[in-house]
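J.: Spelled out, the chains give:
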Amino acid sequence: MRRRPMRWLAVLVLSAGCATAADRPSLPRWTSRAVPEARGDVRVEPDGRRVAVRYPGWTTRDFARFRTYAYDDTRPEPPVQRATMPAGVTGDPERGRALFLDRVKGPCTGCHLVPGDDVWPAGSVGPDLSTLADRKLADAYLYQQLWDPRVTFPKTVMPPWGAQGVFTPEEIVHLVAYLQTLRGPVVAEKDPDRNPFTRRKPVGFGDNLDPTNNPAVLRAESAETTWGRRGPTGKSCADCHAGGTEKSMRGVATRYPKYVEAYRRVMSIEDFLTVHGPETTGAPLLIESAANVDLAMLIKMASDGMPVVIDTTSAPARAALARGEATFHRRVGERNHACVDCHTPDRGAGKFLGGRLLGDATAGLTRHLPTWRTSLNDAWDMRKRFQWCMTPLGANMLAADSIEYAELELYLTQFDNGKPLNVPGIRH
Amino acid sequence: MSDIGKVRLRVPASIKAGDVIRVRCLVIHPMERIERDKAGKIIDKKYQYIDTVTVTYLGKTIATFDTTQSVSENPFFAFAVKATDPGKLTVSFHDTHGQKYEGSVDIAFS
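Going down the list, the protein sequences come from chains R and X.
Residue 1 is where the first sequence starts when you use my numbering, and the numbers rise one by one after that.
Residue 429 is where the second sequence starts when you use my numbering, and the numbers rise one by one after that.
Chain X on its own, in the form it takes in the complex (with noise of 0.2 Å):
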């Protein structure tokens, strides 16, 4: 993959208060494996994967998820929310390189 850390966020189109929305996001991500030699020995090295997404929304975090080596490259979350007032959305993806990668949306009604 060429971009790594690239955030897709996608909420519905037409939202109202008080509405629970799914949110659905997907980021770019190698979420390296754990890689044995031919001994079938493990090789030890820090591997690259996301291990921590926070959602904030309206400033305050809502959810945290703590995610492990098992989560397929390119990984995908769904989620439902509350949609109490316009505001924004953001997720963000740390992984163990201290990399955060991050990616928001406006809760807007209609």
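Same shape as in the complex, but just chain R (with noise of 0.2 Å):
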């Protein structure tokens, strides 16, 4: 990982008072075998300015401020902030309206329901806001709900707006002043899937393994080339491991993450082949580069219907498991959210965050992994979706291959114990 002097100034600051240095684990220091976007790399300009380096079409923007998942990243969860009303500002309600659309800042529509046909996709993590305005709450109590809510609800999944610098004080008054409008009756629904509570649920994309169905089937067959393919010292895959992958990496899948005791580091299928490609055949396989993800489909492949058998039982797995746990419910970013808010059944899991219908994580979401992303046409592996998860959060995500994104995927993956691997799997 690379050493970035400005946040180690920060993280000076910052933990006094914190945790102490006995809970962070000795593990190795792990150079990334990513390819340069997933490397989680920010540039400095000529002119100073922060440059986050990360896939085409995603915010550059640098979160260094923030807390990540780091494991050197010692700063604490941000204070409980009470704050109280600006004097001298009156809120404007249509105001306050476009910012609680605005897809910039929040977007509050994301997680709360409000009236109005331009109100698309709303979510329905947070409660229903269409009749707040009658439950005549004071204006001083919702102001202080924006800034931080956690002075009323200390295990809220609601980020702390205010406290975070997403919305500016005079900005709160006029979300306050938009929220004492909303009063009922409550409009019948032209479109009932306006309403993410009556929404419809996503139903798939028929069968994953079909190739005239999912294009990554045919991605990972591709890769066959990879595998017989003669890299710089004269040998392929193949001359190891005979007999194709079908028959060589039968159930290989079933067993990882584990923690494989050559690198002292849990790895997935795809952590391993960024150092055992350039080990044994010379040619690099670096994590989040075509090759790897679709080397990596098509071993899983090989285990298809086999189920999970992830061993932890070994000390050091134990200790990367309950590291795993703890990167779970860890909250990070500008947004102060933890894995644990949006995917456990009890939280946000089978919720809708904006159009986006949340997965449950404890009913195990790892299986079909790498998966064809139907939106994107491309397949992705556990790590880019970790990665494209954590960006919007307002925290700098890691390289794809670090430890901790190995030890979150490992936790995880415990929940599929048992279950079929289904790899490539299909999805929005």
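None of these hints come from the bench; they were simulated from the model.
There could be a bad hint or two in this list.
To be verified - Label-pair ranges, simulated between beta-carbon atoms:
no., chain 1, residue 1, chain 2, residue 2, range
1, X, Ala536, R, Asp207, 12 to 22 Å
2, R, Asp47, X, Asp494, 50 to 60 Å
3, X, Lys510, R, Val203, 25 to 35 Å
4, X, Thr496, R, Val186, 51 to 61 Å
5, X, Gly433, R, Arg61, 47 to 57 Å
6, X, Ile432, R, Val186, 52 to 62 Å
7, R, Pro345, X, Lys488, 50 to 60 Å
8, X, Gly487, R, Glu189, 49 to 59 Å
9, R, Gly206, X, Ile432, 23 to 33 Å
10, R, Gly355, X, Thr496, 50 to 60 Å
11, R, Gly305, X, Pro458, 24 to 34 Å
12, X, Ala467, R, Arg65, 45 to 55 Å
13, X, Phe507, R, Gly305, 23 to 33 Å
14, R, Arg61, X, Thr489, 55 to 65 Å
Beta carbons: idealized from backbone N, C-alpha and C, even for Gly.
Join these two chains into a complex; the hints should help.
T.: Here it is in structure tokens:
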């Protein structure tokens, strides 16, 4: 991992009185073997601007101010802030509504339903606010609720918008003014899908293992060329693993991610390829390169239908699993969200975040990855999915092959134990 | 792609007599596109692409499609057929290099 002096300074300032160094694991320093856009690097421009290096089309905003999943990031969760409404600002409900819907800010509609045909797509993670004003809550209470709801609800999944600087005090006054206009009666929906509480759930994309239906199957089969190609050392995968992937790799993927003694870390198939490829054939297999994803799919397809059997009985694996679980519960980023907030059934899972139905991690959502993404025309592995999930939270992503991600993946995969592997999946 | 010419043919799992079924087929093929040299001139060569697709059902040709280079690599075709009798349905792809790739499926009623 690259050291970033700026961040270390911030860590020093913020770490006073927080977690001790004792719960920081002694793990090997891992040099990322990822394609450049998947390393979580931040580039400093000649004018001093910090630009995050991410995939094409992703935001380049640097979120260094906010907590990440990195084990060496010891900053605590942002402290709970009490706030009082600024005097001398008159709330404008119209501006408040525009802010409520602003996709660059919240958007608040990602979690809350409000009236209006232009509210699309509203989510159902938070309560329906269509008649909030009928509850006659005080302006000051709503202001605090938007500034930092943890004052009233310590376990809320709602971000502390004011405390984290997403909305200014003046903007929150406008939002409160808008919320105080939301009165019943509720008008009947013209389109039942507008309301996330009555919206139809997605039904999927048919047989994911049918090559005429899932383009990822063809992508995986094209990796047979990689499998048979001799690298700089004159050897190919097929030279050592005889009988094709179907025979030689059968059952292998069911045991990953696992703790690999040789590298003293947890590795998924994708991680392992990044080191095993260069060491044997001499050819690089950088994580998040098409060659890596496709080959990982081909290897996993050899175990399709076989139950996942990851083993976490060894001491290092148990420690890794515990760290992965802690990561799942760790709140990060500008939004101060944890995986657990959106992906467990008693919180966000099964509800809509905007138009997206949130998956349930405890039901197991790793056994179809890498998966074909119909909306992006590309195959994504678990790590890119992690990075995609974490960027909108306002947290700088880590390298795709980081130990942190591997251990989080280990924690998520144990929910799939005993369930059949089904790669490649097909999803929106 | 390693196995050029591999054909996949899919019909619904359960078919009743008289059903109009959707047949889906896919062939692994490079479908070479027109290439140009540095000056922008079209390179004159015999490009390899599928130019004819024939569908045979119960021994009779029921459809012929003429295709061009504008069809993508590893082309996918889907069409509707009325399943009148049980029997063999064959889709064959012919390319400009004289190669023929074929896939067939047995239509059985359940």
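J.: For the hint 49 to 59 Å, verify it against the beta carbon of Gly487/X and that of Glu189/R.
T.: holds (55 Å)
J.: Is 23 to 33 Å respected by the C-beta to C-beta distance linking Gly206/R and Ile432/X?
T.: About 26 Å separates the Cβ atoms of Gly206/R and Ile432/X, which means 23 to 33 Å holds.
J.: Do the beta carbons of Gly433/X and Arg61/R sit within 47 to 57 Å of each other?
T.: holds (48 Å)
J.: Given the range 50 to 60 Å, decide if the beta-carbon distance of Gly355/R to Thr496/X lies inside it.
T.: violated (38 Å)
J.: Given the hint of 45 to 55 Å, check if Ala467/X and Arg65/R actually sit that far apart at their C-beta atoms.
T.: Once the Cβ atoms are compared, 53 Å apart, the range 45 to 55 Å for Arg65/R and Ala467/X holds.
J.: Verify the CB-CB distance for Arg61/R and Thr489/X against the hinted window 55 to 65 Å.
T.: holds (60 Å)
J.: Quick one: are Asp47/R and Asp494/X within 50 to 60 Å, going by C-beta?
T.: Holds - the Cβ-Cβ distance for Asp47/R and Asp494/X, about 58 Å, lies within 50 to 60 Å.
J.: Do the beta carbons of Gly305/R and Pro458/X sit within 24 to 34 Å of each other?
T.: holds (31 Å)
J.: Can the suggested window of 23 to 33 Å be confirmed for the beta-carbon pair Phe507/X and Gly305/R?
T.: holds (31 Å)
J.: For the pair Pro345/R and Lys488/X, does the Cβ-Cβ distance stay inside 50 to 60 Å?
T.: holds (56 Å)
J.: Hint says 12 to 22 Å; check whether the CB-CB distance for Ala536/X and Asp207/R agrees.
T.: holds (19 Å)
J.: Taking 52 to 62 Å as the stated bounds, is the beta-carbon spacing between Ile432/X and Val186/R within them?
T.: holds (60 Å)
Of the numbered hints given earlier, the model fails hint 10 alone.
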